[in-house]
Amino acid sequence: MAENAGKAAFLRGIILPGVVKVREVVLRIPEEIQDVLGVRRNLAREIMKRLAVSLYAERKISLGKAVELSGTDYFSFLETLADFGVSLDYDEQDLADDLETLGRLRYGSGE
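For the sequence shown, the tail end lands on 376 under the numbering used here, and the numbers increase by one without skipping.
Just so you know, the hints here were simulated from the structure itself, not pulled from any lab data. Any given hint might turn out to be false.
Stated by the list, open to error - Straight line, CA to CA, 25 Å or less: simulated SDA-like cross-link-like pairs of lysine to any residue:
#1 Lys-286 <-> Leu-302
#2 Lys-325 <-> Arg-306
#3 Lys-330 <-> Glu-297
#4 Lys-330 <-> Gly-350
#5 Lys-330 <-> Pro-295
#6 Lys-325 <-> Arg-305
#7 Lys-330 <-> Arg-306
#8 Lys-330 <-> Tyr-372
#9 Lys-325 <-> Arg-288
#10 Lys-325 <-> Asp-300
#11 Lys-286 <-> Met-313
#12 Lys-330 <-> Gln-358
#13 Lys-330 <-> Asp-300
Please read all numbers here as calculations on a predicted model, not as lab measurements.
Model the full assembly from the supplied sequences, consistent with the hints where possible.
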């Protein structure tokens, strides 16, 4: 039972840190599915990463929330998206906004 408590604590730690409302879910994953995933250790982390990719691909959560949910850093998550064939939701307006922000940072906000 103590082992399950540790797993629950791990899950709470990777599900949107700092968010007060967290629901604990216990899943029974057949070993053959674990074999298909190729994961024996950190199964919970792999499931959360795949959930983050799925929710982002469906545009139900933002990129930032997906990164948090995945428990990885930003660049690792971008690689994960590429591995799953999920493109970024990034258009010309986003690029223009980013270039404007870079210009302000480079030349100062007074320019």
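So, going through the hints one by one against the coordinates:
no.: 1; hint: Lys-286 <-> Leu-302; in the structure: violated, 29 Å
no.: 2; hint: Lys-325 <-> Arg-306; in the structure: violated, 28 Å
no.: 3; hint: Lys-330 <-> Glu-297; in the structure: violated, 30 Å
no.: 4; hint: Lys-330 <-> Gly-350; in the structure: holds, 19 Å
no.: 5; hint: Lys-330 <-> Pro-295; in the structure: violated, 28 Å
no.: 6; hint: Lys-325 <-> Arg-305; in the structure: violated, 29 Å
no.: 7; hint: Lys-330 <-> Arg-306; in the structure: holds, 24 Å
no.: 8; hint: Lys-330 <-> Tyr-372; in the structure: violated, 30 Å
no.: 9; hint: Lys-325 <-> Arg-288; in the structure: holds, 18 Å
no.: 10; hint: Lys-325 <-> Asp-300; in the structure: violated, 29 Å
no.: 11; hint: Lys-286 <-> Met-313; in the structure: holds, 17 Å
no.: 12; hint: Lys-330 <-> Gln-358; in the structure: holds, 21 Å
no.: 13; hint: Lys-330 <-> Asp-300; in the structure: violated, 28 Å
In summary, the numbered hints that this structure violates are 1, 2, 3, 5, 6, 8, 10, 13.
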